[in-house]
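Based on these hints, arrange chain C on the given structure of chain E.
Protein chains: 2
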Amino acid sequence: MRKFAIIVAAGSGTRMGNETPKQFLLLRGKPILYYSLRAFLDAYDDLEIILVLPEAHIEAGKEIAQSTGAQQRIQFTSGGDTRYQSVKNGLSLVKHPSIVFVHDGVRCMVSQELIRRCYITAAEKGNAIPAVTAAESIRIESTDKNESIDRRQVKIIQTPQTFHSELLRAAFEQNYEENFTDEAAVVEKSGIRIHLVEGDLSNIKITLPADLLLAEHLLPS
Amino acid sequence: MRKFAIIVAAGSGTRMGNETPKQFLLLRGKPILYYSLRAFLDAYDDLEIILVLPEAHIEAGKEIAQSTGAQQRIQFTSGGDTRYQSVKNGLSLVKHPSIVFVHDGVRCMVSQELIRRCYITAAEKGNAIPAVTAAESIRIESTDKNESIDRRQVKIIQTPQTFHSELLRAAFEQNYEENFTDEAAVVEKSGIRIHLVEGDLSNIKITLPADLLLAEHLLPS
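Protein sequence lines, in the order shown, are assigned to chains E and C.
According to my numbering, the stretch in the first sequence is residues 129 to 349, in order.
According to my numbering, the stretch in the second sequence is residues 129 to 349, in order.
Just chain E, same shape as in the assembly (with noise of 0.2 Å):
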C-alpha cells in the first residue's frame, strides 16, 4: 500500500528553557528533526512525509528536508493550535489511500523495525500503536481517591500511531475533544478498536535537556 507520515513538529518548545523549538536542537551536529526524517525516509523507499511545523518555520524545515537530499518526496504544512488540528492539516494532503503514520518529530530515535512493525499490524487490523509497559508502580487518580493498578496493565504510548487512512479521515471528521491527546484517542472515540504493538524503551521524546544527553548516548556511533 501507498505510504504517508505525518510527521508533527509544530511546537514552539519552551520547556527546555530555550528560543529554539525542540525540534530544531542539535543532536550530533544534525536537527533532532532530520533525524526522524531519516528514519521514515529510509524505512520503506515509497514513503512520503507530510512535515507539519510551525508557519514560521516551515523554512527552516525546508532546509533540514533539503539536507536529507529527498525532498521531492516531502511536502510542508503549518500546525494549528491543538495536535489535532496539526495532525488533521496534514490528513488533508493524503490524496490517497494508504496506510499513515502519526509521529512525533521529537521521536528521533525511532527505529525502522518499529516503523515495519506498525505497518503490518495496521496493514492487518487498521491500526498499530506502539506501546511499552509501565517499569515503575502506578496509582490511578479519581476524584475522591487514588489506588493502585497492576503495572503490567499500564501502557505507555508511543509514536508512529499507524492507520488505513479512511479510518484516520473519519475519525478526524469528530468534533474536537480535549481528551483528543493522541490520535489512538481519537480513533477509538469514532468506534474503532485500537491495537497495541511492542514499542522501544530507546523511542524516547525529546522534551527537556536530559533527553537530548540520553539520545547521544543511544545514538549508534
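Rather than coming from a laboratory, the hints here were simulated on the basis of the structure.
Among the hints, erroneous ones may be present.
The list makes no distinction among identical chains, and a pair is therefore deemed to hold if it is satisfied within one copy or across any two copies.
Said to hold, decoys possible - Calculated pairs, DSSO-like style, for lysine-lysine (alpha carbon to alpha carbon, straight line, at most 27 Å): (1) K253 to K273; (2) K273 to K333; (3) K158 to K190.
Coordinates of chain C only, in the frame set by chain E:
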C-alpha cells in the same frame, strides 16, 4: 517524632549488563548508594538508617556507611526474595513508634525537600507517597481490550514511601500477595487510604546505563 529510613538495596542488578549491583555503581567517583544515604542523613539529624542489602554485599555496604562519617546512625540487614520480604526484614529493626521512610537505594537523586514533604504529610495523615503525573499518553490494557485514560489521572509512584511505623507494621502482618510491588499497595490492602504528595522528576531510579548519564547531568556540580 523519631525517624527511620529503610533503604532497600537488595537487588543483584543484572539489567545493567554488569556484575556489580546497580546500587554500587559509581557516580562521580562515589557509589550510588552513598548519595542515597547522604540525602537521608542530611535531611534530619535524628534520623537513623536501616540499610537492606544482599547478604553477600553487607561488607561493601559497611564501607560506604563508613565513608559517610555517620556510620553510628546506620544499621544493616539482609534482603529477602521479594521487596516485601526485604522491607519486612528492615522493619523488624524499627524498635520505636516513628515515621518510617522506605526508599529505593538506587534513587540517589532524592532531594531533602522531597524527604521533608513526605515527612510532613505522613506525620499528619499517616502516610505519604510521592508521585508524578504521566507525561505521555497512557492506555490501560485488560484481558480483552485496551482503553485510553486521561494521563492526568495516571500517577507514577516514587519513593520514599513514608508511613507511621505502626500502620506499616500492621500492614506487613498480612500474607504476601503478588501485587505487593510497593509499600503503598501493602498498606492500601490493609484498609488504609493512601495520600499522594508531589514527587520530583529528577528523583529517578537508576536501572539502565543511560540513567547513570542522566544522574551525572542532574547532580549539582
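To see whether the hints hold, each was checked on the structure:
| no. | hint | result |
| --- | --- | --- |
| 1 | K253 to K273 | between (37 Å within a copy, 14 Å between copies) |
| 2 | K273 to K333 | between (30 Å within a copy, 26 Å between copies) |
| 3 | K158 to K190 | within (14 Å within a copy, 47 Å between copies) |
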